[in-house]
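K.L.:
Sequence:
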Amino acid sequence: MFESLSQRIRAAVDKLRGRGRITEADLKATLREIRMSLLEADVNFEVAKNFVNKVQEKTLGQAVLESLTPAEQILSVVYEELVEMLGGEARQPLLKNEGNLWFMVGLQGSGKTTTSGKLAHFYKSKGRRPLLVAADTQRPAAREQLRILGEKIGVPVLEVADGERPETTRARLQQHLTFDYRDLVIVDTAGRLQIDQALMDELARLKQVLGPSETLLVVDSMTGQEALNVSKAFDERIGVTGLILTKLDGDARGGAALSARYVTGKPIYFAGVSEKIEGLEPFYPDRLAQRILGMGDLQTLLEKARQAELEAPQKDLKEITLEDLIIQMRQMRKMGSFTEILGMIPGLSRMLPPGFSVDEKQVSRMEAIVLSMTPKERRDPRILNASRRKRIAAGSGTTVQEVNRLIKTFEDTKQMLKTLAKQQARGGRGLFRR
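Quick note: the sequence shown uses my numbering, first residue 1, plus one each step.
Misleading hints may appear alongside valid ones.
Mimicking DSS-like on lysine-lysine, the simulated pairs with C-alpha atoms at most 27 Å apart in a straight line are [unchecked claim]:
(1) Lys15 <-> Lys49
(2) Lys232 <-> Lys49
(3) Lys124 <-> Lys276
Rather than coming from a laboratory, the hints here were simulated on the basis of the structure.
Build out the structure end to end from the sequences listed, making use of the hints.
P.N.:
Shown next as structure tokens:
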């Protein structure tokens with residue numbers, strides 16, 4: 001979503017690299033480009049204007065103008081202000097030992113029902129005992145969708161009947177909790193295609209009766225500036241305590257996501273990063289700012305590695321086999337797409353060309369080639385003669401040329417690792433020693 005914005009900001013700052021001291025005119029030209037890149041990314045006009053003014057105030061001092069590394073100093077200020085614009089410190093919903101009732105509100109199509117299921121899954125993995133309440137009686141199959149999600153993640157679902165009064169819903173909920181203790185209740189409420197008085201009156205009445213501890217507005221990041229109008233309307237009529245941004249993995253301009261915190265004044269608690277049930281992450285302003293500026297996101301990468309239970313190879317890297325390669329590829333896939341993983345590695349994300357992405361289908365073809373080999377062939381590719389390579393190509397649905405290319409790439413990589421190991425040994429560092 002932020003790829004274009006990231007490229008534009010980095011390109012604007014990179015123009016100052018290697019130039020030594022810069023003038024005030026150089027600095028203002030750079031800030032003008034940053035402002036235009038924000039506006040083209042659909043960032044709210046007032047947000048973009050305020051952002052650039054703050055950066056300008058901090059960078060017009062003599063320290064930056066006389067610095068021999070002005071690009072790095074400007075990038076540092078841009079990062080600080082970007083974090084502030086996104087909310088500063090990371091925030092999470094208030095979670096007590098018991099009596100937590102969260103009210104999910106939003107328009108139809110924002111991903112409210114799916115996000116309710118994701119939230120339940122997220123907190124269940126943290127040791128909580130969630131209960132889902134299917135209170136969306138307006139959208140066809142909304143209750144069925146939540147029931148299916150509940151079954152998938154092992155969380156019970158209390159369904160609200162058509163025309164059921166809020167008082168009845170509260171009584172049924174209390175009765176359920178008497179016999180089945182739950183410390184987190186997530187209520188999926190009715191949505192509409194657009195804001196209307198009937199929707200607001202219905203939600204306000206239900207909220208008054210249930211008395212939620214948190215009211216979370218689910219906002220579709222791909223709806224642009226309209227998402228901000230929706231946020232303000234819900235907050236004025238219902239009262240919102242926090243935001244959840246969905247579809248942050250989409251390819252639309254990400255201006256609404258960048259503007260939401262500033263315009264609404266409400267913290268962003270979570271971000272939806274994929275359609276999978278695990279695709280909901282706590283929102284960290286500093287990590288998103290790092291990704292936008294091409295600094296990578298090592299902290300999230302390490303967390304994903306822990307969640308995927310990624311293990312280091314049990315042998316020296318220079319002795320790795322095709323069998324080890326396939327194991328590592330499968331483990332890495334648990335962390336997400338290869339393109340996403342590469343983008344989180346500090347330094348590497350800035351080296352990748354614009355629009356770079358790993359062809360996941362090609363990765364699958366590589367896996368098919370290796371799986372078509374015998375265990376002996378995977379351990380020692382040197383025995384692969386012409387007939388063996390032809391058999392592997394036929395078994396994997398690829399060509400002999402693709403098999404040859406994979407083997408050559410693998411052997412070149414092993415040779416490079418051996419060379420690095422020798423260099424490290426000469427330097428006494430022993431990078432590959434266990």
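K.L.:
Look at each hint and say if it fits the structure.
P.N.:
Checked hints:
no.	hint	in the structure
1	Lys15 <-> Lys49	holds, 22 Å
2	Lys232 <-> Lys49	holds, 20 Å
3	Lys124 <-> Lys276	holds, 16 Å
In summary, the structure agrees with every hint in the numbered list given earlier.
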